[in-house]
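Given the structure of chain R, go ahead and fit chain G onto it with the hints provided.
In the order they appear, the protein sequences are chains R and G. Just so you know, we're using numbering that gives the first Met the number 0 here: the first sequence kicks off at 0 and counts up by one. Just so you know, we're using numbering that gives the first Met the number 0 here: the second sequence kicks off at 0 and counts up by one.
Among the hints, erroneous ones may be present.
Unchecked claim - Result set (DSSO-like, lysine-lysine): computed pairs, CA atoms no more than 27 Å apart in a straight line:
(1) K115/R with K182/G
(2) K274/G with K67/R
(3) K116/G with K67/R
(4) K67/R with K182/G
(5) K100/R with K193/G
(6) K101/R with K116/G
(7) K100/R with K182/G
(8) K67/R with K101/R
(9) K100/R with K116/G
(10) K277/G with K67/R
(11) K170/R with K182/G
As the list claims (entries may be wrong) - Derived list of chain R stretches under chain G, where covered just means 3 residues or more per stretch with a C-beta under 8 Å from a C-beta of chain G:
(12) 65-71
(13) 76-83
(14) 86-98
(15) 122-132
Unchecked claim - With the Cβ distance kept under 10 Å, some of the chain G side facing chain R (calculated, not the full set):
(16) V180
(17) G188
(18) L195
(19) V271
Bear in mind the hints are in silico, worked out from the structure with no lab data behind them. Owing to the predicted nature of the structure, the values given are computational and were not obtained by experimental measurement. A virtual CB, placed ideally from N, CA and C, is assigned to each residue, including glycine.
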Amino acid sequence: MPDIELKNIRNYVFNGLNMEIFDKELLVVIGQNGAGKSTLLNIIAGLVEYEGSVLFDGVSVNRMLTDKRRVGYLFQNLALFPHLDVASNIGYGPAVNGIGKKNIEQRVDELLRLMKIEHLRDRYPKNLSGGERQRVALARSLAVSPRVLLLDEPFSSLDTVMCSCIRQEIKKIHKGLGITTVLVTHDMAEAEEMGDRIVTMNGGEVHEVADLQPEHGCSGCAIDCHCKR
Amino acid sequence: MRTKNMRLFTTFGNGSKRNNLLYHDQFIWNKIKSLRNILDGLIPIIIFILIWESIVRLHIVPEYIFPSFSAVMREFYHLTVNGVLLNNLASSLFRVLAGFLLGSMAGIMMGTVMGCKEIMNRSFNPIFSLLYPIPTLGWAPLLMIWIGINEMLPIILIFLCSFFPVLYNTITGIRSVDSDVIKAASTLGASDRKILTSIILPLAVPNIFTGLRLEAGMAWRVVIAAEMVAIPTGIGALLIRSESLLRVDIIIVCLMVLSVMCLVFERFFQYVETKMTKEWR
Numbered sequence: 000m001p002d003i004e005l006k007n008i009r010n011y012v013f014n015g016l017n018m019e020i021f022d023k024e025l026l027v028v029i030g031q032n033g034a035g036k037s038t039l040l041n042i043i044a045g046l047v048e049y050e051g052s053v054l055f056d057g058v059s060v061n062r063m064l065t066d067k068r069r070v071g072y073l074f075q076n077l078a079l080f081p082h083l084d085v086a087s088n089i090g091y092g093p094a095v096n097g098i099g100k101k102n103i104e105q106r107v108d109e110l111l112r113l114m115k116i117e118h119l120r121d122r123y124p125k126n127l128s129g130g131e132r133q134r135v136a137l138a139r140s141l142a143v144s145p146r147v148l149l150l151d152e153p154f155s156s157l158d159t160v161m162c163s164c165i166r167q168e169i170k171k172i173h174k175g176l177g178i179t180t181v182l183v184t185h186d187m188a189e190a191e192e193m194g195d196r197i198v199t200m201n202g203g204e205v206h207e208v209a210d211l212q213p214e215h216g217c218s219g220c221a222i223d224c225h226c227k228r
Numbered sequence: 000m001r002t003k004n005m006r007l008f009t010t011f012g013n014g015s016k017r018n019n020l021l022y023h024d025q026f027i028w029n030k031i032k033s034l035r036n037i038l039d040g041l042i043p044i045i046i047f048i049l050i051w052e053s054i055v056r057l058h059i060v061p062e063y064i065f066p067s068f069s070a071v072m073r074e075f076y077h078l079t080v081n082g083v084l085l086n087n088l089a090s091s092l093f094r095v096l097a098g099f100l101l102g103s104m105a106g107i108m109m110g111t112v113m114g115c116k117e118i119m120n121r122s123f124n125p126i127f128s129l130l131y132p133i134p135t136l137g138w139a140p141l142l143m144i145w146i147g148i149n150e151m152l153p154i155i156l157i158f159l160c161s162f163f164p165v166l167y168n169t170i171t172g173i174r175s176v177d178s179d180v181i182k183a184a185s186t187l188g189a190s191d192r193k194i195l196t197s198i199i200l201p202l203a204v205p206n207i208f209t210g211l212r213l214e215a216g217m218a219w220r221v222v223i224a225a226e227m228v229a230i231p232t233g234i235g236a237l238l239i240r241s242e243s244l245l246r247v248d249i250i251i252v253c254l255m256v257l258s259v260m261c262l263v264f265e266r267f268f269q270y271v272e273t274k275m276t277k278e279w280r
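Chain R on its own, in the form it takes in the complex:
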């Protein structure tokens, strides 16, 4: 059973979109500006209105508000909380979910270590470099142990070296934690390097699905699409 299913999604961008995202896969969504890539992430997160069904593990989450969907969302502009230091940014999710102070500290330490940013613990976002912010934002989105990780063009603001470095880290984290991940980009090379499957979108429709992991098989592709092996 797919981890996330989108059935007949309609809104201001989509006109009957169907898509399946498999458990623990890293799905890359690629397309031009206005193709509906970010809107797709927003629909999964419940941040925009839509008609149709979004199912997590076969259960509809249409009536579930964003704060209950347990998604980790890395926004294109990172959207760090400027008034909170790095530790508080990362600990925000666990804190609002009612986790105890001691456990929050433990989780924050764990993520700081994972992202190799222990030395940034007390800094504020304004005092961080682009790459450091990226790491903090990623750590923050992982802090709530999300069932799905949504990454909206996470490398767009980074230089080539930093971009490649963060790519490797995301891949490593994805493999290590086994979180179903949807990554949006407009860079084909990046998509090929990162993805288990690549979905090409155009004008709010799935144009093509390429499976880079043969074990998924053709039946794993979205409806009405072609497969590349």
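Below, chain G without anything else, positioned relative to chain R:
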């Protein structure tokens, strides 16, 4: 400074001793710099006072029209010692604080509601847009008829003068919070109320404080005007009584006190704002 530091580096071999001396050097330099900044501001004031004193001492203008600085200071001392100045200042201060606190709190609460809920903004914005341009003192005749000439009059006037700017600055502050930051908080599991208290309001603080700072001075101007027109106590009342007695020295004392109070209020809000936001702004 750089050469001084370089010299210290070459003179001492011990690292911590050297660093201590560098910090000490830096500390003294900063002190000198801030002292110089204060002096830069003080010198024109001292020159102004000297010119003022000289004009009167040289009998360029008669003293009953323009008393000397020393005469004003003597009167300031007398008024302080006999309690007249402090009693009147306390009356004005109470009115300003009461009206300002009530007006600001109402402005922040209404601004928060209007900034967060579009329907509330659509409903209340037209009426507030019509009321806001009315000068605060324009309400005075109407309020005199409705509530009479009593302690409530200046408080309500200050309430009105504080409410609107704080309201609009709060709305602006709330609206200027990046929508992605709000969405990020939501995806992390924060409820609407939690987002409001932990994200939106803290990020709106700079705008809210801009409104408070602007209105702190305005509240004093309004209370003086109200006291001059209708209330028998307060700095405004003392001003108008002094005018009828041709006591220019007391008038100048009142104006000085007013100026200091406006400055103290403004600086207080600036200080609190800086304390609250300097880490992250």
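In rising order, the numbers of the hints this structure does not comply with: The structure conflicts with hints 2, 6, 9, 10, 18, 19, although it agrees with all the remaining ones.
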